[in-house]
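From first to last, the protein sequence lines stand for chains S, R, W and U. Residues 87 to 416 in the working numbering are what the first sequence lists, from first letter to last. Residues 87 to 416 in the working numbering are what the second sequence lists, from first letter to last. Residues 1492 to 1814 in the working numbering are what the third sequence lists, from first letter to last. Residues 1492 to 1814 in the working numbering are what the fourth sequence lists, from first letter to last.
Hints are computed from structural coordinates only; laboratory data are not their basis. Mixed in with the good hints there might be a few duds.
[Claimed, not checked] Residues from chain U shown here face chain S by an in silico Cβ test under 10 angstroms; the list is partial: (1) Ser1518; (2) Met1519; (3) His1592; (4) Met1601; (5) Asn1615; (6) Ala1643.
In this text, a Cβ means the ideal position worked out from N, Cα and C, and glycines have one as well.
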Amino acid sequence: MTGKITMVAALNRAIDEAMAEDEGVILLGEDVAAKQGGGVFKVSAGLTEKYGEHRVRSTPISEQAIVGACVGAALAGMRPIAEIMLMNFLTVAMDQIVNHAAKLRFMSGGQTNVPLVIRTTTGVGVGFGGQHSDMLEAWFAHVPGLTIVTPSNPADAQGLMRSAIACNDPVIFIENILCYGITGDAPSPAHRVPLGKAAIAREGSDCTIITYGRTVLDALEVAGQLADDDISVEVIDLRTIAPYDEETVTASVRKTGRAVVLHEAVKSYGTGAEIAARLSEKLFGELKAPVQRIGGAFSAVPMANVLEQAWIPSKDAIKDAVRATIGWKN
Amino acid sequence: MTGKITMVAALNRAIDEAMAEDEGVILLGEDVAAKQGGGVFKVSAGLTEKYGEHRVRSTPISEQAIVGACVGAALAGMRPIAEIMLMNFLTVAMDQIVNHAAKLRFMSGGQTNVPLVIRTTTGVGVGFGGQHSDMLEAWFAHVPGLTIVTPSNPADAQGLMRSAIACNDPVIFIENILCYGITGDAPSPAHRVPLGKAAIAREGSDCTIITYGRTVLDALEVAGQLADDDISVEVIDLRTIAPYDEETVTASVRKTGRAVVLHEAVKSYGTGAEIAARLSEKLFGELKAPVQRIGGAFSAVPMANVLEQAWIPSKDAIKDAVRATIGWKN
Amino acid sequence: MTIDREKLLDIYTRTMRCARSDEKIRSMLMGGKLAVLYYTYRGQELVSSAMMAALEPSDYLVTTYRGQHDQIAKGVPLDLLYAEIAGKVTGTCKGKGGSMHITHPETGVMVTTGVVGSGLPIANGLALASQNRGDGRVTVTCFGDGATNIGAFHEAMNMAQLYKLPVIFFCQNNRYGEHTAFADHTNVDSVVTRAAAYGMKGVKVDGNDAEAMYTVAQEAVDRARAGEGPTLLEAMCYRMMGHFFGADFSYMSKEHLAEMAEEDPLPRLRKLMLDYQFTEAELDAIVAQIDSEVDAAEQFATDSAFPGPEELRRDVFEAEIAA
Amino acid sequence: MTIDREKLLDIYTRTMRCARSDEKIRSMLMGGKLAVLYYTYRGQELVSSAMMAALEPSDYLVTTYRGQHDQIAKGVPLDLLYAEIAGKVTGTCKGKGGSMHITHPETGVMVTTGVVGSGLPIANGLALASQNRGDGRVTVTCFGDGATNIGAFHEAMNMAQLYKLPVIFFCQNNRYGEHTAFADHTNVDSVVTRAAAYGMKGVKVDGNDAEAMYTVAQEAVDRARAGEGPTLLEAMCYRMMGHFFGADFSYMSKEHLAEMAEEDPLPRLRKLMLDYQFTEAELDAIVAQIDSEVDAAEQFATDSAFPGPEELRRDVFEAEIAA
Ligand SMILES: Cc1ncc(C[n+]2csc(CCOP(=O)(O)OP(=O)(O)O)c2C)c(N)n1
Ligand SMILES: Cc1ncc(C[n+]2csc(CCOP(=O)(O)OP(=O)(O)O)c2C)c(N)n1
Ligand SMILES: [Mg+2]
Ligand SMILES: [Mg+2]
């Protein structure tokens, strides 16, 4: 398989191939089956035709029942994939995710486990407003037992999805709506991206930008622009948001001596706080400048486009943060 | 009003006095009314008798309906108090809290607001196990529009509760089960503790411990013990967990040059990460040692008492962290 | 002639305001004058107008992303509404809410939620406030057929009946929840069968029959106001377009589309008006009047300014956040 | 004699194992040999035993904090159970779960949840796995009357019926949810009325009538196994003590307490056994046998070691977390 592929197609292919290999892989979600059009974002297009309505189940609007059913099927040894249309709707299913999926292996003393993938979409800049745009990964990162991943390109989407489905513990798989259309090289079916491994999206020596998902693209663009001013930026794409690849991150910042942590989620109490806190502790005395954090504004996501754009971390803000670390004087 | 009072009595008094002053103050929750015994922890004992069943309403086991009804009543200008028996049960009401209570003022452009207090209890060390002991304050701190408070003594409990009820925005009021029995001086009915103001629970010059809730007591005990070794520890009781009193915290750490952030919640991605990240950035070059963080173990809370005790941040760990900041050499 | 002639005229006027407004917004979207997410309510104009015609201005309304008709029928000024949809600072919510989150307390529109089912528990709270205060207000909460399968519906219904709250659960059963037909999301043949599970009064009605729709709406309002408790009202109607403006609806069968065309409430209502001896001229005059209002609202929205970035620091808390 | 004599003996044996076990645990708590949170099921021994007697060992069970009788009746070995309750490393869950979270896949006990209502959606998933695999298993999920007002109940019931899942929603209606009497948490007079809201079969039974209870349980199991779909089974019983061991229950009326004493399932079952021509001697022998098992289990739990701190790093993920 060569040529180009979109992220939607890559996700569809990963799920398709996993379903072909293992009867235990099933899909539950609102409108995911053929009769309902194969998912609002078409990620499950064509799968009902191949695997039948028992393995690709459209559900009522009942997120607790969707996630709960997937937890139960996982306990029985299947590998269910739950599609929760938008991340904000996870708020009605938190009990199943946090009190059950994440904890049952531990609370059962390892007798049971929950090989479940919860796919969900979100993203700021789509014009969906306050109740349809939140990035809540920090909540899940705080819950022992959960693994949170998000791809920034089609190849990673395919490789991470295969690894997530193969994982014997629950994985929250976040898909940014604005990345669905991105095209990239189509990997082979054998392609896998291991959970917990970050990628160095661009090498550099002066400052490290640590980010994930859509903002990886912003970071790469900024890095390219700063290169013209002879500022060499290294960009790390975490891919697995939590538990994150601390080894790769720490090594990079030890090398550059400077770090900017970037995410779309609200800055305060976001995942960037944990990363910045660990870097500041581990590299105390080695850092050439304080770790800079960039994230969404401290408000709900507004609907008006001009406000929404003002809410999102801007490329200028990223650029300024990198320059701030480099120009730092105590 | 002088003499001693327990935290339960202080909370009951605060709610009682607020209800006496304002008809709009109402209470909804499971078993809160007289017929059901005035609440499992008796915080609402005696209130039905005084204010009637329309103002003290026992509810079905329906947390979404409880919080939702309080959101609606608040929109209509009342000052409802929702009692959610244990913090883990907030997981079934997250949509109402996060997508609605926290955001409606913003999404309505300030036309409406939600003067709501959500009281909930939790705490590790009670023997309640994996689904009844979580400290989830970091989730709420990440949500713009919410204020999170927790008292460490009866006087603060009374003063914070009055301020929370008077607040025109939603407040999450966390009560630690192990603190309910604590006795302290009974403040006057006029006593108020402003939201957003931390307390210096003990003054010191060598290291600052920043904490809240039950662990304030541990920190004070450790500070007392370290004083014998001529280590002078300042203890800050945040009282308002978020948005926290950054001014007081930063000033204290600027003075001592050393900081330990302590909470019962899981350490990773806890509120301590945000505090440590801000201190490390703001006081870069001024800190004499890296900020130390102490929190719960990275697992669900186990039921076996020996394991639960091993899960909780120990006083020795606190002591070691303080000593580590003082003995720090690069 | 089963309902008062003046009331029917009122319903007609509300209905046409909804209808002409929807056409206007869709034409703006089509013409590129607007680029926002919009959930057209084409086919549901009448059910909502008849319901709102049974309410007082001070009564409360809680609706959904697909609630523009509910808001218009309840009385939200078109200019403020359009400005909000366009994300202008002159909008009801300063552009922060948008079409999915209209709020306008002056006309009783307290919440418009984008989360399926979440309006029902909130409606209980508004009704509870009225019950405690004895202010005589009634709260109506609108939702769709798909929403009846989510937990919040169940919890809210049970609590409302337990407390005998003055609330009306107004289900606009348009036969689809996004791409899923009613028969594919539940095993019962109507929503109203669920009322019995709470000991609640349930009423099902052909929502496109203006007389029947208004009659059951008024009964439910009267019961609530008299302290006799909540009603689950299921108004049968059709979602005559895709889930949101521009969305494909190829998943709808030819039979369904044909049946739907038959059931268009607008021609049916117009015919009823004539039966009630209103003249074509009278009806046209009303529509002409509405159209000028609609045009003025478009102008207002177009001319208005966008909110500035400082709005990100306002309305998060009561006190503005420092820059 | 409406049920098979051997089956009744089976039910009696399960019931007495539940009963004697509960007495033992309570005596250990009373005597200070145990200091843990324990939700006694006194009064509910029979409903559960009759249900489990209708199941195969391989069938799945999902229950609640108050599910020790369900687990015992399903076959969980007493020694492993007691060790778990006592927080010992030899317990079913290495002491990590405790009484509220017993899991024992060998006997089909897949989840014991402490969150009201949360077991129902999970049970659907186990049943869905069986449906897809055609393994013929039936899943039973136990819950209380209070749980029928929470959203998860509603969503799970609707989905189970929509998919015709082989699951039984087994409501042990003990008339109270914590301190709240049934009539104070809903406006319907029985849980079973809710089945119709999903088009589901609903059956209500006097759970303390062993013959009736077993008969309806077996019917529900047969239906599920035959692919005819789920059943909501409401077994009327009493919670004969406080919400948890040691909890005050002064909120229960004298009338209720008297009625409850009348309805104790144990003497009633013993009498039925005699009607079925079992001798006092036979019955006593069974109890004696159970008591020795119970004593051995106590000994095992007492002699077992506590888990070490390394267990905090195990079972969080598949791979142990490094120290
Ligand atoms: C909790 C939740 N889940 C899913 C969605 C996505 N969603 C938006 S509208 C909709 C369909 C709702 O159908 P219905 O209740 O019939 O209302 P209608 O759109 O037909 O007016 C869905 C699934 C949502 N907004 N909230
Ligand atoms: C979601 C949730 N809310 C509240 C509680 C606290 N709680 C534990 S048991 C219980 C009563 C449950 O009553 P019922 O369903 O009748 O079961 P029973 O205890 O009678 O067996 C409550 C409210 C909980 N565990 N979960
Ligand atoms: Mg619909
Ligand atoms: Mg009960």
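Here is what the structure says about each hint:
1. Nearest Cβ of chain S to the Cβ of Ser1518 of chain U: about 26 angstroms, over the 10 angstroms cut. The hint is violated.
2. Hint status for Met1519 of chain U: violated, given a least beta-carbon distance of 22 angstroms to chain S, over 10 angstroms.
3. Residue-level restraint check for His1592 of chain U holds (minimum Cβ-Cβ distance to chain S is 5 angstroms; threshold 10 angstroms).
4. Restraint check, Met1601 of chain U versus chain S: the minimum CB separation of about 5 angstroms is within 10 angstroms; hint holds.
5. With its C-beta approaching chain S no nearer than about 5 angstroms, Asn1615 of chain U sits inside the 10 angstroms limit, and its interface hint holds.
6. Look at Ala1643 of chain U: its Cβ gets to within about 5 angstroms of chain S, closer than 10 angstroms, so that hint holds up.
Violated hints for the displayed structure, listed by number in ascending order: 1 and 2.
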